[in-house]
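Protein chains: 2
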Amino acid sequence: MPRRSDSRHRMIEAAMDLLRRRGYHATAFSDVIRESGAPRGSIYFHFPGGKDELVHEAIAAAAVEIEESVALAASRAKDPASFVRIHAGDVGRRLESSGYESGCAIATMVLELAPWSEQLTAEFAQAFERWRAALVSRFEQWGFPTERALADADLVMAGLEGALVLSRAARSLEPFRRTTDALVERIAADMSAEPGTAPPRKRRATTSRRS
Amino acid sequence: MPRRSDSRHRMIEAAMDLLRRRGYHATAFSDVIRESGAPRGSIYFHFPGGKDELVHEAIAAAAVEIEESVALAASRAKDPASFVRIHAGDVGRRLESSGYESGCAIATMVLELAPWSEQLTAEFAQAFERWRAALVSRFEQWGFPTERALADADLVMAGLEGALVLSRAARSLEPFRRTTDALVERIAADMSAEPGTAPPRKRRATTSRRS
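Just so you know, the protein sequences line up as chains A and B, in that order.
Residues in the first sequence are numbered from 1 upward in steps of one, following this note's numbering.
Residues in the second sequence are numbered from 1 upward in steps of one, following this note's numbering.
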C-alpha cells in the first residue's frame with residue numbers, strides 16, 4: 001500500500017511541476033511517467049479517469065500548496081505589508097531558482113482551457129477561491145474590514161499572477177520585484193488609511209513587547 | 001497585390017484571436033486557415049517560416065494593438081486614475097463580450113513557451129516593453145516622476161494580466177473589477193502623494209475650464 005500511494009503521490013507532484021512549466025497541452029502522460037519514475041502502466045491504475053483525473057489531483061495539490069504558503073508567510077510576518085512581502089518572496093524565489101520556468105501551477109491551464117472545460121474551470125475557480133479566502137482571513141485578522149481585505153486579496157493575487165507572466169517573458173525578476181514593491185506599498189498605505197480599524201492583532205503584540 | 005496582403009492580414013488577425021483564446025499549442029495552421037477564410041496553401045506562401053513566423057507577426061500586431069489601446073484611453077482620460085480606469089475597461093470588456101475566452105494575446109504563449117523558445121521569449125519581452133513604455137510616458141506626461149511611473153506601469157500591467165487569469169477561471173468580471181478598482185485607487189493616491197510634482201498637465205486644463 002505505501003508503495004502504491006507513493007507512486008501516485010510522485011505522479012501528482014510530477015504533473016504539477018510539468019503543468020507549472022508548460023501547461024496542459026504540452027504535458028503528456030509519458031512525461032509524467034518519466035519525471036516521476038513511476039512504473040509504466042501504473043498511471044491508468046492510479047488515474048483510471050485519464051489525464052483530467054491526474055490534472056484534477058494536481059489542481060487540488062496546488063490549492064493546498066498555496067494555502068500552506070500563505071499560512072507560512074503569515075506565521076513569519078509582523079503585519080499585512082510584511083506578510084505580502086514574504087508571500088510574494090516565496091513565489092518569486094521559485095520562479096528565479098527554476099530559471100524562469102516555474103510559475104503558477106494552474107495559470108497556464110486556465111488560459112489554455114477556461115472557459116471550455118466546464119469541470120476544470122470550476123476547479124480552477126475553486127483553487128483561486130481557496131487562495132483568496134486564505135489571504136482575506138489573514139488581512140481580517142490584522143484588522144482590515146472585509147471589503148478592504150477582499151480588494152487587497154484580489155489585487156495581490158492578480159498582481160502576483162501577472163508579475164509571473166511579465167517576469168517569465170523578461171527572464172528577469174525585475175518586473176516581479178517592482179510589482180511586489182508596489183503591492184507592499186499599497187498594503188502599507190491601507191494599514192494607516194483605515195482609521196476605524198483596531199491596530200492589527202499581531203502588531204499590537206509586537207508593540208507591547210517593545211514598550 | 002491587395003488581395004494577397006488582405007489574406008495575409010486576415011491570417012494574422014485569426015492567429016491573434018486563436019492565440020488569445022487557447023494559446024500556442026492548441027492553435028494549428030488549419031485553424032488559422034478556417035478562421036481567416038484564407039485559401040489553403042496560402043499560409044506557406046505568406047509565412048514560409050512556418051507557424052513561428054505567423055506567431056511572430058501576431059505578437060507584433062498585439063504590441064501595436066495595446067499601444068493603440070493605451071493611446072485611445074489617454075485621449076479620453078482626464079487624469080492618470082481615469083486613464084487606468086478606461087484602459088482596464090477596454091481590456092475587461094473584450095473578456096466579458098467574448099464569454100471569458102479572449103484575454104491577452106500573448107500571456108498564454110508566455111506561460112507555455114518562455115523561457116525555452118529563445119526567439120519568441122525575446123519577442124514577448126519586447127511586446128511587454130512597448131506596453132510598459134506607452135504607460136510610463138503617459139504617467140510622466142501627467143507629472144509622475146519616472147520611478148513612480150515605472151512602478152505604476154508594472155503594477156497596472158501585472159494587475160490586468162493577473163486579473164484576466166482570475167476572471168477567466170471565475171467566468172465572471174468580478175475579480176477583474178475588484179482589481180481595477182484597487183489599481184485606480186492606488187493611482188489616485190499617487191496623484192495626491194507626489195507633492196513635488198506639478199499638477200498633471202491635462203488635469204490643469206480641465207480645472208481651468210471648470211473655474
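Hints are supplied without guarantee of correctness; some may be wrong.
[Stated by the list, open to error] Residues of chain B clear of chain A, computed beta-carbon distances all greater than 10 Å: (1) Pro39; (2) Glu67; (3) Ala71; (4) Arg94; (5) Gly103; (6) Pro115; (7) Thr121; (8) Ala133; (9) Asp154; (10) Ala169; (11) Ala182.
[What the hints assert, rightly or not] Sample of chain B residues facing chain A (criterion: CB under 10 Å; computed from the structure): (12) Ile33; (13) Gly37; (14) Met191.
The set of hints was computed from the structure by calculation and includes no laboratory data.
Note that beta-carbon positions come from the ideal geometry of N, C-alpha and C, so glycine has one too.
Evaluation of the provided hints:
no.	hint	result
1	Pro39	28 Å, holds
2	Glu67	17 Å, holds
3	Ala71	21 Å, holds
4	Arg94	14 Å, holds
5	Gly103	6 Å, violated
6	Pro115	5 Å, violated
7	Thr121	6 Å, violated
8	Ala133	13 Å, holds
9	Asp154	4 Å, violated
10	Ala169	4 Å, violated
11	Ala182	4 Å, violated
12	Ile33	20 Å, violated
13	Gly37	23 Å, violated
14	Met191	13 Å, violated
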